[in-house]
Every structure is written in structure tokens, then in C-alpha cells.
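Asks: With chain P fixed as given, assemble chain X onto it according to the hints.
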Amino acid sequence: MDINNYREIFIEEAKDNIKIFNSALLKFEKDPFDLTPVNDIFRAAHTLKGMAATMGYDKMTEFTHSLEDILDNIRNGTLKADKEIIGLLFKGVDIIEKFLENIAQNNLDTAEGYEILINKYKEYTKSGAIKLPDEINTKESLKEEEQELKIEEIILNEAQKQNLNVFTIKIILAEDCVFKNVRVFMVNRNLSEKGEVIKSFPSAKDLEEGKFGNTFYIAYITKLKAEEVEKLIYKIAEIKKVEINEIKKDSKEKNKTEEKQIDTLNLNLEKQKILSQSVRVNIEKLDILLNLVGELVITKIRLDQISKDKQFEILKDTVNEFDRIINELQAEVTQVRMLPVNNIFERFPRIARDLAVEEGKEVETEIIGGDIEIDRTVLEEINEPLLHLIRNSVAHGIEKPEERISKGKGKKGIIKLSAKRERNSIIIEVSDDGKGIDVLKVRKKALEMKILSEEKIKNMTDEEIVNIIALPGFSTMDKADKIAGRGVGVDVVKTKIEALGGIFKIENYPGEGVKFILKLPLTLAIIQALLVKASGNIYALPVIHTLETLEINIKSIKLIQGKKVIVLRDEVIAVFSLSELLKKKREEKDIIQIVIVEVRDKKIALEVDEVIGQQEIAIKSLGEFLKYAKGFSGVTILGDGKISLILDLQALLDEQNKF
Amino acid sequence: MKTALIVDDTKFMRNMLKSILTKKGINIIAEASNGREAVEKYKEFNPDLVTMDIIMPEVDGIQAVKEIIKINPDAKIIMCSAMGQQALVIEAIQSGAKDFVIKPFQAARVWEAIDRTFQE
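Which chain is which? The protein sequence lines are P and X, in order. Everything in the first sequence is counted per our numbering, starting at 11 for the first residue and increasing by one. Everything in the second sequence is counted per our numbering, starting at 247 for the first residue and increasing by one.
Just chain P, same shape as in the assembly:
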């Protein structure tokens, strides 16, 4: 095949891909928090790499490969694209264009400066190039292999009884086979359809990781004959040679073992099914599984209800047992989705350090509770917000070394990143020992920016003022600074955390630092909720937002500036009727039930008709048509099969503009 015939079309399509690359990169530059364009950029780079490799342009392949690496890191969130990186990506397109020019004009595979750029990219990617498996000891020691594949007597006996054949198979792959582990996987797939692979050498783990030479051995039990097994394996490409050896029972040993034959021993129990110690599972499948568990939880609650209502004594034990199993199942499935927070925490010390260097500061990051586990979806979602908070601490919190010394602080600023579990929530805190938030400055700036009405701002306490920094568009920086002021602020963090059903708080210690607190649900699918009744309907309130429930006499509600409040332990708390918030008629009663909830860092007394109780609920989405309905974050099915809306109090209060 004369490759040069393809040069023209190669150049043409490469140019198309450069266009895609450029326009997606421009989009990305505008909003580096939106990673969708990165997929397009990645795909373009990937296509360019593939085409260059096919044409035999090794240098261009190497270059686009390193480009692809850095893009992959951005895409999966391990690398945050800042101005510099985006600049490097733009330079990358220029280099590809240079490559194409040289290829078009002189068929020369080169571009000025491409190596320098590759090295720069490599600084950002952990592992520069594709890591080849460590040098493998390909020396095939037959003895070891025999040892490893030794089949236990019990298995041989059982196989013979069931009329099955046992084989050890030596498989040699083609020398230049690239994805060896995929070939192993295919061999396993083909064989598993007709029998069982019970052992392998090297170990399954090594095979899975491609850590072997070109030869591997497996032990296989099947009804098939040797020729049929051979044929089955040869159906796979890149298999160079297959040697099959049937294992028969040694007649001498036969006598020995026959006496101690254990009939009841099931073959399946003894078999070491080696080739699948770990399974890759699509996260979507896990979601489905979790959903199903959610349905089960609902059914469980329903069953519970029925057995209580109808007084079925016999059912009681069964229901209890069912309850225990479902709880275990739920815990297990949830567990599978859990990842330690260190997965994202680990990168932050380095990032903080680099940022500090840029700012002429010194920072050390301490991590506490890195092994606390949280749902991977939640974890993915909080990566960005945490990064932003850390940037914030470095840029606005930590002082320059000289300033710190003059204040009697250590030269190095300390950022603490901690995670802890609190019942069904995870609390993540980002704190620094910097100068804290300058309340006066925020107050002044808020007035200048007219972010809220003058009257409102003047009446705010210092703690309330601090929360202004989480309002959209607020910034105390006069000019857009390099680190934190990229058009997104603490408000984005807050919105994100709240969207996850969490709570975001700021604690300010003037002169001593700031603490950002993120309270997050453990998982997003099944949560603890308080069921309340209002205007005849049952609503679910996520427990994460509730503080306590109480019963009060209507007379203890006071009016202050036309607003209803109650005084609870010397604290004045505004009262809202849930029925009224939902634009329904409120029931007039003397004794009313109140749920104290925490919304936007404020306590609110929510008047409800009845507090039913706490229960686990499985969150279902509102679906296409209702997804814009404000005030509800989802829906759940109750024990009696009725549907209950899950309240989103923040949105509900915003909607009423009562906040």
C-alpha cells in the first residue's frame, strides 16, 4: 500500500481536526469550568494521532500523543486547566499546523519547537508517556509452571465423576501482540462459554495487567475434547501456538485417594476461579443496581407497614429478616460506590504549594481524615469546589511571609483539609490560618456593588456579612487577580454544594483565618428524610437540613416588623408555614408543630400540620416535565405506595422571595 496516495486526504482531514481543536479550545478558554469542549479537543487530538501514526509520521505521533495525555488529565479532572495550560494547548495547535505545512511542502515529519512543548506537557502529566509494563521475566521455568498448575486431587476426582476433561493449556501469543491482556481476556471469554478456567500461570492479576512474556498457561475443565478446545482458542487472532495437555488421574494416587473420597464436596466450592479476581463494572450499571436497591427499600417499608397494620404475627419475623438483609445489601452496594476522599485530596498540597509560589507565599497543606469514604459521584462533584476554596485560601487568606512574621505567626501558612463522618453526612472543612475575611471591606464593597439593598446590608451582623462573599458576582478584588478571580467565586462553590443536597458554611475568625465547611450527604440515591404533612399531603425533608422538631402554642409566635418569629433558647427564629410556602391554605390550630431547619446558614422554624417521622427514602428524579418545578429536588415513593415530593427548602424560600 503506497502511503503517499493518502497524504492529501490526510492533510485535508487533519486540517478539519485542527479547526475542531481550535474552536473547542476557544470555548474552553471562556469557561474553564465546563469540561465539555475538552472532549472535542481530546477527540481531535486522538484522531490526529491515529492518522499521523498510520502515515508513519513518528514525530507528529509523539507530539499528538503527549497532547492527548495532557488533555486526558484535564478531561478526567486530575489536571486543572489554568491560563498557562490553555496557552500551551494553543501553542500545540500551532505546532500541529507547522507539522502539516512541512508534510505538505516537503513531506518532512517535523515542526520547530515540538520537543520543547512535549517536555512542557510532560511536566503536567504524571507519567509522560504510556507506561510499559516492567521488564518481565520471560524465562519460562517449566517446573514453576507445573507447580502452579497442579490440580488438586479432589478436583480431578470430581471431574472424572462428572465425565469432564481437565486440561493444562500452554498459549503462545504473537511476538508483536499489543494488547496482551485483551487477548487473555478473549481466551477466557471463549473458554468460559464451554467450561471453566480454574487456574492460570502467571497469576490472574499479572495476566490482567499484561505482566507476562508471550506465553501463559491455564488449567481448564470442560466437556470438550482437546481438539475442540484448541479450535476454540485459535478463533482468536494473534494466538501463535496452543499446546494442550490432558490431565489424567495417576492410577497409584487413585488408590490412595479413593478411600477418602468426599462425595459431598461440591466441585464449585473447591475451584479457584482465578481469571476474574476483579471485575470492571460500568458506573451506570452500579447506578441501576443502586436504583433497584432503592426500590427494594421502598418495598421493605411497605411490607413493614402492612405487617404492622394487619397484625400478621407470622409475618413479623420474616419482615425483620428481610429488613436486615436489605439493609446489608444497601450498605454493600453503597460501599461499592465509595471512594476515599484522598482520591482528590492528595493533589491539593501540590496545587496549593504551586499557587503559593506564584504569589510569593509559603503554604503547607495538612490532610486529616483522607481515608473517609464518600460516594464517587459526590466526590467527583466536589473536586472543583474544593480546588476553588484552596485557591481562595492561598490568594486571599494566607499572608505574605513578612506580614505573617510581623503578626507573630509562623512563616508558612497552614491550610487544613479535613474530612469526617457525622451520622449520614460527611463534613469536609477547608481552613487556613490567614488574615480572615475583612468584614469592613466586604461591607463597603457590598454597598458599592449594590449587591443587596443598603438597608439590608446595614442591618446585617458580621456573620451575615461574611456570607455575602458567597453571593453571585461578589469580589473584593479590584482587578481580576490571577488565581481566584477568574469570574467565578465562592458562589459557584455554594451553588454546587447545595445542588448536591449539602450545606455550605463560612466561619470567619478575623486575623486568624477562615473555615469553609461543606456538609454533604453520604450518597445521593438513598437518604434519611423527615416526613411531614401539610395541607393533606406528605412531604419529605432531607434530614441533613433539619435540626429539631417541637410543638408550640400559637401564642408563642410573636410579630417583629410584621414577620412571624419564635424565640427558642434566646434565639429569634423566623416562622414560615409550609402550606403557605406551597401556596396552599394553612390550617388554623392552637398547638402547632414546628421543624427547625437550617437553610443558607440560617435557622428557620417551619410550621407543618404534622411531623410523621424519620425514614429512609430513595430519591427519584422528577422526570422531564417536572424538572423545572421550583422547590422540589425529587420525589420518593412511600411505604403505602403514595408519592411524596422531596422539598428543596432553599429553592422554595427563594421562590417566595422571603429570604
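Be a bit skeptical, because a hint or two may be false.
To be verified - Taking lysine-lysine pairs in the PhoX-like style, the calculated list, with each CA pair at most 25 Å apart, reads: (1) X:K264 x P:K245; (2) P:K250 x X:K270; (3) P:K29 x X:K257.
In short, the hints are calculated from the structure, not lab data.
Replies: What follows is chain X alone, placed relative to chain P:
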């Protein structure tokens, strides 16, 4: 004469494969440039063989494999993968693809994969 559907988002790669497959005596009855098109063309032409790129815009190759296998569980699909995509290739094979070849293509490898896929 066996028929084939070539799926790749670049004309360049499609032409490469076309030339390799034609030399093998395979009739290219259709081409597609993304997964969605691939499924449509598969329904329309019912080819004996499909070569499927993995990373493509809109609907990717793995999704397309899943769809095609739903239509015909015996469909003979060979994945075209770049280096370093082992995990995706395994996913494609789990989804029903029969084999894979690596880019840049070596004609002999492609032919071998086709031969073994058709081997009964």
C-alpha cells in the same frame, strides 16, 4: 463475496481500511462516520462484517456495538483501537465485539482478525 460496513469518523481511516479489506476480496457496501449512522447502516445493509472505530462524535463505537448486537447477536464486529485503549477494547468485547485491530493498521493483522472471526 463477503460484505463489510466500515465505521470511522475520518475518511482517511476509512480509505485505509477500504483498501485493506478490498484486497482481501471483501465488498464494502457501506461506510459510517459515527455510531448512530453505523447502527442505521447496519440495519439497512445487514453486512457480514463491521469494522468499528471506538472514539467517535455523538454515539461512540461501544454504544454502537451494543445496539448492533441487540439487532443481531451474531454480528461480526471488529474494533479498531488506538494504543492505550485496552480498557475500552475489553468493554467492547464484553459488549459483543468479536475481535480488535490496532491503529496504525497492518494489513496482515486485519486479515488475520477477519479470517479468525469468520472461522467456524
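Asks: Indicate, hint by hint, whether the structure satisfies it.
Replies: Verification of the supplied hints:
1. X:K264 x P:K245: holds (23 Å)
2. P:K250 x X:K270: holds (21 Å)
3. P:K29 x X:K257: holds (16 Å)
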